[in-house]
Amino acid sequence: MVVTARRHFVFGVRHHGPGSARSVLGALEAYAPDALLVEGPPDADGLIALAAHEEMQPPVALLVYVPDAPQRAVFYPFATFSPEWVALRYGLARSIPVRFMDLPQAHRLVPAVTVEAPESASPEESGADELPVEGAARALRLDPLARLAEIAGFADSERWWDHLVESRRGGHAQVFDAINDAMAALREGEAELPELESRREAYMRTAVRAALKEGCERLAVVCGAWHAPALVEPERKGAATADRALLKGLPKVKTAAAWTPWSYDRLSFRSGYGAGVDSPAYYDLLWSCAGSPPVHWVTQAARLMREKDLDASSAHIIEAVRLAEALAALRGRPLPGLEELDEAVLTVMCFGNAAPMQLIRRKLVIGDRLGAVPEEAPVVPLQEDLARLQKRLRVPVSADEKDYDLDLRKPIDLERSQLLHRLRLLDIAWGEQREEHGKKGTFHEFWRVQWHPEFVVQLIDASRWGSTVADAAGARTLERVHTTASLRELTGLLDDALLADLPAVVEALMTAIQDTAAQGGDVVELMAALPALARAGRYGNVRQADTEMIAAVSDGLIERICVGLPNACASLNDEAADAMFGHIVAVHDAVNLLQRAAQREAWLGVLGHLAQQGGLHGLVAGRAVRLLHEAGTWERDDVERRLHLALSTANDPGQAAGWIEGFLRGSGLLLVHDEGLWSLLDAWVTGLAGEHFTAVLPLLRRTFATFSAPERRQMGERAKRGAPAGVGAAVATDAFDFERAARVLPMLARILGAAEEPA
Amino acid sequence: MIQDNETTVLRQHAEQQFAQELEALAGQDERPRPPSWRLSPWAVATYLLGGKLANGFVVSPKYIGNRRIIEIAVSTLATDRALLLLGVPGTAKTWVSEHLAAAVSGDSTLLVQGTAGTAEEAIRYGWNYALLLAKGPCAEALVPSPVMRAMQAGKVARVEELTRIPADVQDTLITILSEKTLPIPELNEEVQAVKGFNVIATANNRDRGVNELSSALRRRFNTVVLPTPATADEEVTIVQTRVAAIGRALELPGDAPPIEEIRRVVTIFRELREGQTADGKTKVKSPTATMSTAEAISVMGSGLALAGHFGDGTLRAGDVASGLTGAIVKDPVQDAVVWKEYLETVVKERDGWSDLYRACRKEM
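Line by line, the protein sequences are chains B and P. Mapping of the first sequence onto the working numbering: residues 1 to 759, in sequence order. Mapping of the second sequence onto the working numbering: residues 760 to 1123, in sequence order.
Do not take every clue at face value.
From the structure, some residues in chain P lie toward chain B, with a derived Cβ separation under 10 angstroms [unchecked claim]: (1) Ser799; (2) Trp801; (3) Val803; (4) Arg827; (5) Ser834; (6) Thr835; (7) Thr838; (8) Asp839; (9) Leu972; (10) Arg977; (11) Val983; (12) Thr1000; (13) Lys1089.
Derived from the structure by calculation, the hints contain no laboratory data. Even for Gly, the Cβ is constructed at its ideal location relative to N, Cα and C.
Model the full structure from these sequences, guided by the hints.
In structure tokens:
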């Protein structure tokens, strides 16, 4: 009738509104258009046809990005209940021309010349429409129908739409006319549109005019309700000239577009269509459910609770629906919305306990549906890069677990390891590194690899960091470096960055570590950071990274540790001493690993200071003496004297026990085989007077009991053999033929990999 | 008669104290009312939450806080499900239940106080033994409980502290709530509830587990949890309104307490309750007491009495100090440490709080 006689019809919709979607479908069928324009990026016009592909399963998103700088990207998500999606599918099914008509992202993704381009903005935000505008006006533009619903007393704009359609009865088309009028009224009170908004509308009008000029008889235009009034009269006098002036000389970049799978979880974020959806799963229900949505929703909630072994009977469902209806009536709403349902379930089924509601929110309000796109659809550059790497490195994508033993000396294995490490830095846990028992070496890595479909979403998310795996991992880690202030985390990252072979990140990390170490006063922090650095210095050789810098930074760390350690060790309780013990051992190993002469000397100097420091916890003091003994700094006599002193009867037994534990902890096997250590202890024990021996026996037992049974048995056997072994060894040392021994050295050096021992 | 009552009675029932508001609401209320209800659900919610009527009459708010909670409670009563109000002590459970009953049935006196000694007779019916012996079992000898009277009249009955009542006695409510009848086997009769009958019960979160509700009984209740006030401003408003009302009722001499003093007391209560200072920078220990709004009100009330009777009528730091100490230090050893630590680390450092600090130190 009147409606079908119009040459073009504007459908002002609510983005992602199931009510709008139903009305659009109904109105389209009534209007039977011969061409269709949809608000969306014309950059992706070539991809529209794929929407009808049978493998295409919403939620999906159109990604438009700048190929040279993929972090400049914007997503246009679609769910089954999105009016735009419904319109696209309608047009494709009828084989009528379907086009997008928004201002192309080619103009909008142009790098901002001014300072206001926020670097840290997420892709959704950097792409999303506007320059900063005052919140209220912006929110109104993004979801004007929500505001109207609010004025009408509805908390849920979807229920308001239903109410509107039902109360109008004239059919869906009349609703859109009413929406256009309402929007025109809303827009009257608003200040002038921001520049970008006017340009977008100018472009849309131009697109409508172009389509009309092409000669279509019934053009359907689907756009956000806010823009609807601007498109009703595109051929108004002077409009074309004004629009041309607005759109003249806009800068432009090259863009590319791709379909990507999306998830309901991510639908709840803001995106290219502005406002996100708070409750995708609920909207899905509103769209797909033919009967009464409240009953279906509460029933699903009850079933979910039963799955989790919570009581939820049919009587509960009935009562909850009744309460929701009573609540809606009290609030003057014709039908209960999500708010009322939520409150009813909380009150009736959860007995006021909010914990189960979290689950309901996750499953029934947001939902966990993941979309899929056909294989032939173009993909994000990062995905492409990963697929290329997977092919080249022969690590196929599989849903099953597969184990890899990587030999890092082989180039292909090294690259595989780097790829897995880089993905981990992007929070994509494709591979999980494992410790293989009995095979520990710097040349080997063991990985268990398993692909999860949700990695695709994470990849898309990660694509804002870069278009190749290496770039993205680098940029992501750099960002973390700049936001982390904890030394421990920084050195942890350093490990990762070296393993992932990201030299630029390593450099930035070094600077960050140096700065943080200079500022931070906590010695324990510094000590915890050093081992990772030392490992990095050593792995550097295997991985061909520049280790000079690491050496410089670690030197600085060691110096700071040496200065602060004596104070840090004063007055430790048992727990703190235990932790300190671990740190000292780790730092000692790290210092040995680094092989820096000056730093080693300084460290041993501090250990010497510690060994003599009064009031030190026995555990720490004992270990300091032991380490000095191992390093050869202290002579045997010195150590023996210390041992006697520490275990004198006048000492507090707790302190003495701590000392001997610190001296011997974890070295049972060493004791069996290290002649020096053995004879030292032996001499001390045999030199004790009978009574004194009885007194220290419990203390010794406390430590020796921690050794494993076979170790203790070996010690016993060795003790039974008695002194001769020790004496014999000592004699042999005296009659040492240095010349003959020297002849063996070259062969030994070859066997040990030509690495010459220091000193 | 009513005039008499107003001047001599220490505390009036809600329906007496706010009779004018209820009348005004009933006059303006044109929405549909559930059977036997004095007001429509909308008007009941307005009575509790306050608001301005079409004719300009201002209804004072009885409950300051989340609007949704009251809406859920009223809707529950409208669906003839029983209502269970849960919350820590001092979150206005009893207050809300009294006003709900007053607004819905115009009668908040049909009350069963739950204690460990509450017997079945308190919920069902008892006997007048003299008559029972003289005439045998007959309707005359029956002594109806408040619940039974509510059933007969189609009114709202209230059960206070439901979880303190022994479990077997609690369960007598099941038949009443599901069948809406109360059998009297002695007379071979039954009382069937008239439309409009319902039950509002309150229970204490902290006492949970004393006599946990059986799941059969729990299923008959809709549970609404009353939270502690969400913001400091909300809590200050509550204390201010209630203290002013108490001051009027007890005819205390002197001025209303200054808002700054109320704000200080509320701040102390909130910080101790939440275990950190309002700016979120310092952790503080929490005392064993619940630190409820009700206690803050009583601290202000006693301060007001002190200032009125023994001071010059103006509330000062010294007047609230003893009340504060009494409210916070419930356990003489543990709480004293908590309170002292709070005084030294928080109160002492705060600008303009030195008078309060000195006054509280004197009390320790």
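Identify whether the interface hint at valine 983/P stands, where standing means a beta carbon of chain B within less than 10 angstroms of its own.
6 angstroms, holds
Take the shortest C-beta to C-beta distance between threonine 1000/P and chain B; is it under 10 angstroms?
Interface hint status for threonine 1000/P: violated (25 angstroms vs cutoff 10 angstroms).
Interface restraint verdict for threonine 835/P against chain B (beta-carbon cut-off 10 angstroms)
6 angstroms, holds
Does the nearest C-beta of chain B fall within a distance shorter than 10 angstroms of the C-beta of serine 834/P?
4 angstroms, holds
Supplied contact hint for lysine 1089/P, tested at 10 angstroms Cβ to chain B
This interface hint is violated because 27 angstroms lies over the 10 angstroms limit.
Restraint check, 10 angstroms cut-off on beta carbons, for serine 799/P near chain B:
For serine 799/P, the interface hint holds, since the closest Cβ of chain B sits about 9 angstroms away, which is under 10 angstroms.
Is the interface hint satisfied for aspartate 839/P? The criterion is a beta-carbon contact with chain B at less than 10 angstroms.
9 angstroms, holds
Should the interface hint for arginine 827/P be scored as holding, given a Cβ-Cβ cut-off of 10 angstroms against chain B?
Holds, because the Cβ-Cβ distance from arginine 827/P to chain B comes to roughly 6 angstroms (cut-off 10 angstroms).
Using 10 angstroms as the Cβ threshold, decide whether leucine 972/P counts as touching chain B.
Holds. Min distance 9 angstroms.
Interface hint check: arginine 977/P, Cβ to nearest Cβ on chain B, cutoff 10 angstroms. Holds or violated?
6 angstroms, holds
Identify whether the interface hint at valine 803/P stands, where standing means a beta carbon of chain B within less than 10 angstroms of its own.
9 angstroms, holds
Checking hints one by one. Is tryptophan 801/P an interface residue toward chain B, by the C-beta closer than 10 angstroms rule?
6 angstroms, holds
Checked against the numbered hints above, the structure breaks hints 12, 13 and satisfies the rest.
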